[in-house]
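Trainee: Heads up: take any position in the sequence shown, counting from 1, add 1483, and you land on the working numbering.
Hints were generated in silico from the structure; no laboratory data involved. Watch out, some of these pointers could steer you wrong.
Computed spacing ranges between beta-carbons, pair by pair [to be verified]:
1) G1530 x P1505: 11 to 21 Å
2) V1632 x L1495: 17 to 27 Å
3) Q1501 x R1636: 19 to 29 Å
4) V1486 x V1506: 14 to 24 Å
5) E1572 x P1500: 19 to 29 Å
6) E1498 x Q1602: 29 to 39 Å
7) A1603 x G1566: 41 to 51 Å
8) S1542 x A1515: 21 to 31 Å
9) L1532 x T1584: 30 to 40 Å
10) T1584 x A1637: 23 to 33 Å
11) G1624 x A1563: 44 to 54 Å
12) G1606 x L1532: 25 to 35 Å
13) I1528 x A1563: 30 to 40 Å
Derived lysine-lysine pairs resembling DSS-like cross-links, with alpha carbons at most 25 Å apart [unchecked claim]:
14) K1576 x K1562
15) K1592 x K1576
16) K1592 x K1531
17) K1562 x K1531
A virtual CB, placed ideally from N, CA and C, is assigned to each residue, including glycine.
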Amino acid sequence: MTVSIDARLAELGLELPQAAAPVAAYVPTVLAGGLLHVSGQLPFIEGKLVTGRLGEDVSLEQGTAAAKACALMLLAQAKAALGSLDRIEQVVKLGAFINSTGDFTDQPKVANGASELMQAVFGDAGRHARSAVGVPVLPLGAAVEIDAVFAVRAH
């Protein structure tokens, strides 16, 4: 028998945050055609939004930790929508947006914070397609924002 995703999170010493409420005119998730689309999530560490710009006042390590925090919030949103993370068959895609200076080029390394978490939690089903894009600003001054698409099984 396979280990539940909740048990796997506990094994990894990870705790999901409370799923954040939307801050504008959108919903956190949409389930359509067997795919759960999760709106972009911002990084909260110990209840505080990680703000700033990579290449300026946020280190690569802080950016990677912020991406991991985004991934935990993505999972919290998925669990709120699905009832159980065990319904996720595959992490299909992550879209990572990194608030960074024009000369910062390590967006993929920042996004690895989220990608590696998904693989640690879901194993091979956590391997996914991805974009990692540098942007000049994000909502609320966040350092990172990540959205996701998950393939899900019916109840």
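Trainee: Can you list which hints this structure breaks, lowest number first?
Mentor: Numbers 4, 6, 7, 8, 9, 10, 11, 13, in rising order.
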